[in-house]
Amino acid sequence: MEEIFENDDALKKLIRKEGSLTTSSDFTLRVMQLLEESEKKASHVYKPLLGRKAWTLIAASMLMLIIFCWWAIASDNPGKSVYSGTVEPAIDFLKNIDFSIHFNTSGLLIATIAIACISVLLSLDILLSHKYREASA
Amino acid sequence: MMQENDKQLISRILDGDIRGYSVLVNRHKDLAFTLAYRLLNNREDAEEVVQDAFVKAYRSLSGFRLDSRFSTWLFRIVYNTAISKKRLKRRDFLYLDETSTFKETFDKYEHNADEDEERGLMLEKAMQKLPEDERALITLYYLNDSSVGEIHTITGLAKSNIKVKLFRARKKLQELVGLISEKVYI
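Protein chains in written order, with the working numbering: chain A, 1 to 137; chain B, 1001 to 1186.
It cannot be assumed that every hint is accurate.
Unchecked claim - Derived SDA-like pairs (lysine to any residue); straight-line CA-CA distance at most 25 Å: (1) B:Lys1089 - B:Asp1133; (2) B:Lys1086 - A:Phe27; (3) B:Lys1171 - A:Phe27.
As the list claims (entries may be wrong) - Covered stretches of chain B, as calculated for chain A (at least 3 residues, CB under 8 Å): (4) 1014–1026; (5) 1070–1080.
Hints were generated in silico from the structure; no laboratory data involved. We treat Cβ as the ideally placed atom computed from N, Cα and C, and that holds for glycine.
All chains should be modelled from the sequences, with the hints used to inform the complete structure.
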């Protein structure tokens, strides 16, 4: 047992002198190239155009716009719905409000254009989110 | 002093100086490579593992705790990457094949080698006779001056197990390189 510890220094010297191996000469360069490539890749990451909050706000605005347009059309044709039959607002004072001031029937057109724009944005967002997930993987 | 330098370098790298990392790579690559080679016994695989380990280390550098040695942290990554690589390849390193291949190399140089080369070859031959995990422990213990605690952090082996394996490996190596007489322990 003692002999092992007595010779330990000699073994240590031998291992330090002869036991260390060296990498190929371009090793550091290769590692740095790999890192630079991964940095470039990281700076090209795709991010969604709109966040969850923005989409919630847009959805709420759209809902309000559609309801508003519906009322605007209904006020242009008092007593008639956009489809058929009669519309009798449940609350009396709504009968006296003139929704036709700004929108008239063009409200439906505005709503259609708005929905089309949102659809384009949504498609772009889905596409970019997909690329983002691929880039992060 | 060395540790201070590593810490300063890491702070610089974390501040965005990617070039500073090449200094860290240069400083630790050979030891990391030696450790990987001792586990894998293949030069190409060992280089690939160390390369991967350096990239992984760079990506998680912000998570490195500056109160520990960078080499210990890095070697843990190297060790785990090498073990994963070994499992992935599912290669059985046949002891007899290894030693016979090495014997050919050794015999080839035996007559021409100068004293240093001969000692180096003798050590390499002795190292090949140790199991891979013992080779790795010897590398960490003698080349990196790692304590049993640090080896435990790197390898995840129990401290008592490390002590036993280290003692056995040191004894075998001393016998094989002729520092002690084999008959004492028979």
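**OP:** Would you check the hint for Lys1086 of chain B and Phe27 of chain A, treating anything up to 25 Å between C-alpha atoms as holding?
**Re:** 21 Å, holds
Original post:
Holds or violated: are the alpha carbons of Lys1089 of chain B and Asp1133 of chain B at most 25 Å from each other?
Top reply: Given pair Lys1089 of chain B, Asp1133 of chain B holds - Cα atoms ~17 Å apart, limit 25 Å.
Original post:
Has the given pair, Lys1171 of chain B with Phe27 of chain A, been kept, meaning a C-alpha gap of at most 25 Å?
Top reply: With Cα atoms ~34 Å apart, Lys1171 of chain B and Phe27 of chain A exceed 25 Å; violated.
**OP:** Closer than 8 Å, Cβ to Cβ, for at least three residues: run that test on the stretch 1014–1026 of chain B against chain A and report holds or violated.
**Re:** holds (count 6)
Subject >> Outcome, coverage of the stretch 1070–1080 of chain B by chain A - at least 3 residues whose beta-carbon is closer than 8 Å to one in that chain >> reply: violated (count 0)
Against the hints set out earlier in the document, violations occur for numbers 3 and 5.
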